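J.: Listed below, chain by chain, are the residues.
Protein chains: 2
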Amino acid sequence: MRVDLVFTSGMKTVRDYHRKTVVVIDVLRASSTIITALANGCLDLLAVAEPGDAAVIRRQIGEGCLTGGERNGLKIPGFDLGNSPLEYTAERVAGKRIIICTSNGTKALGEARNADELLIAAFLNAEKTSQYLREKEDVVLFCAGSDGEPGLEDLLCAGMLIEHLVTEGEGQLTDAARIGLLTYRQLLAGRSSELAKVLYESDHTRYLASIGFAEDIDYCAQVDLLPYLVRVKDGRIIKEQEWA
Amino acid sequence: MRVDLVFTSGMKTVRDYHRKTVVVIDVLRASSTIITALANGCLDLLAVAEPGDAAVIRRQIGEGCLTGGERNGLKIPGFDLGNSPLEYTAERVAGKRIIICTSNGTKALGEARNADELLIAAFLNAEKTSQYLREKEDVVLFCAGSDGEPGLEDLLCAGMLIEHLVTEGEGQLTDAARIGLLTYRQLLAGRSSELAKVLYESDHTRYLASIGFAEDIDYCAQVDLLPYLVRVKDGRIIKEQEWA
Numbered sequence: 033m034r035v036d037l038v039f040t041s042g043m044k045t046v047r048d049y050h051r052k053t054v055v056v057i058d059v060l061r062a063s064s065t066i067i068t069a070l071a072n073g074c075l076d077l078l079a080v081a082e083p084g085d086a087a088v089i090r091r092q093i094g095e096g097c098l099t100g101g102e103r104n105g106l107k108i109p110g111f112d113l114g115n116s117p118l119e120y121t122a123e124r125v126a127g128k129r130i131i132i133c134t135s136n137g138t139k140a141l142g143e144a145r146n147a148d149e150l151l152i153a154a155f156l157n158a159e160k161t162s163q164y165l166r167e168k169e170d171v172v173l174f175c176a177g178s179d180g181e182p183g184l185e186d187l188l189c190a191g192m193l194i195e196h197l198v199t200e201g202e203g204q205l206t207d208a209a210r211i212g213l214l215t216y217r218q219l220l221a222g223r224s225s226e227l228a229k230v231l232y233e234s235d236h237t238r239y240l241a242s243i244g245f246a247e248d249i250d251y252c253a254q255v256d257l258l259p260y261l262v263r264v265k266d267g268r269i270i271k272e273q274e275w276a
Numbered sequence: 033m034r035v036d037l038v039f040t041s042g043m044k045t046v047r048d049y050h051r052k053t054v055v056v057i058d059v060l061r062a063s064s065t066i067i068t069a070l071a072n073g074c075l076d077l078l079a080v081a082e083p084g085d086a087a088v089i090r091r092q093i094g095e096g097c098l099t100g101g102e103r104n105g106l107k108i109p110g111f112d113l114g115n116s117p118l119e120y121t122a123e124r125v126a127g128k129r130i131i132i133c134t135s136n137g138t139k140a141l142g143e144a145r146n147a148d149e150l151l152i153a154a155f156l157n158a159e160k161t162s163q164y165l166r167e168k169e170d171v172v173l174f175c176a177g178s179d180g181e182p183g184l185e186d187l188l189c190a191g192m193l194i195e196h197l198v199t200e201g202e203g204q205l206t207d208a209a210r211i212g213l214l215t216y217r218q219l220l221a222g223r224s225s226e227l228a229k230v231l232y233e234s235d236h237t238r239y240l241a242s243i244g245f246a247e248d249i250d251y252c253a254q255v256d257l258l259p260y261l262v263r264v265k266d267g268r269i270i271k272e273q274e275w276a
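Top line first, the protein sequences correspond to chains B and C. In short: position in the first sequence from 1, add 32, done, that's our numbering. In short: position in the second sequence from 1, add 32, done, that's our numbering.
Hints should not be assumed to be uniformly reliable.
Because identical chains share one entry, a pair is satisfied inside a single copy or across any pair of copies.
Claimed, not checked - Result set (EDC-like, lysine to aspartate or glutamate): computed pairs, CA atoms no more than 20 Å apart in a straight line:
(1) K160 with D170
(2) K265 with D76
(3) K44 with D235
(4) K168 with E195
Just so you know, these hints were derived from the structure itself, not from any lab. Since this is a predicted model, take the numbers as computed values, not measurements.
Please put together the full structure from these sequences, using the hints given.
T.: Structure below.
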């Protein structure tokens, strides 16, 4: 198995993801929100890059459809939901389709659209995802980061996935993947109960806390709370009930 | 002091380096070769992106000028020197100007040309460089990497610089800089005598060794062997004899 890592969007081209199993990681908060929505019974999610596109698609779909997302961490005006996973309760999202538009997660999903398989991971489903990846030959962990800058929280999650993968066996890591693993080991290995605390070393974590989302951080730091495999299939983000 | 880190070229625009003190790090081997050439009495170096440009400039300068550089690690056909620091002996380079053209180091220098101050560092002058940086307010450590991919060897050197900077006092690190520091601490802190061995964890190190440059790696792993401050000034790469 070969494992590569991308620190943020814009570092590779669409073509680079061809024939790869790509895992998009945007811990705070797009990945965590998507996983939560699906765990709470949302039918599927469609990721769009522009808020205006979300409104167009909602009108086409009509009933049973919600819009969700953020700009600068705050709910987009006119949208039903923001980007806090705590908003995506079963009461709000069960049986619904959600059009989601976030700053970084959506961008990463767009760049990786040529992947052979495209998965979405966060701490919430980290172990389940790495368990699935063990069968794969060519894995790219795509950290969404923030506005083209790497995010420590995404790298730690990628490092956790790599730790699970390499303890299993061989695994050929690129330098970027090795950097993810080393960062994870230095900061977090054997201390995953302190994850929420450690996340505060990241700039984006502190920003989210400063605008009132400290609860989201505690929530997103729960490793494998929602052990589902989440993937993009034919443009739809879905949860797989079962897999090999 | 604010410290940022760039993992490889292409991640920021020319404008992002404006008003910053930028340090370009290409440990294997452009930075190490440049520092060595200057230590051995080379007058100055001019960095060019294209081998053809080097030939044009050499013809203009005439006598006392050498060309140096590599493609895929190997000497460019028709050039006087390759990119091995061991070639840049006093016998070859003293009193000469060198036009240098390397794959990644030169590219990074070009991207950072708008910097307020532009320095060149490697392990060979790491402590001297970080000593100088302590006075600065806004520092960017620009790891050249390889063909748009991060290189572990450059990140370790950047991490070493950051370690020296933050032990001095406050220092506000971006997530990227923090990743460099964590990687350095996990792999190298307190074991700098094993640096050459640790460098073999990087893909590019193993590649260079495979094409016959293992000696270069041992050489480039010598921390502060050549304690000079190297900077780009008016397009010329020079060694400063003295500084505050």
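J.: All the hints need checking, so say for each whether the structure fits it.
T.: Going down the list of hints, with the structure as the test:
no.	hint	in the structure
1	K160 with D170	within (18 Å within a copy, 41 Å between copies)
2	K265 with D76	within (10 Å within a copy, 57 Å between copies)
3	K44 with D235	between (23 Å within a copy, 18 Å between copies)
4	K168 with E195	within (15 Å within a copy, 37 Å between copies)
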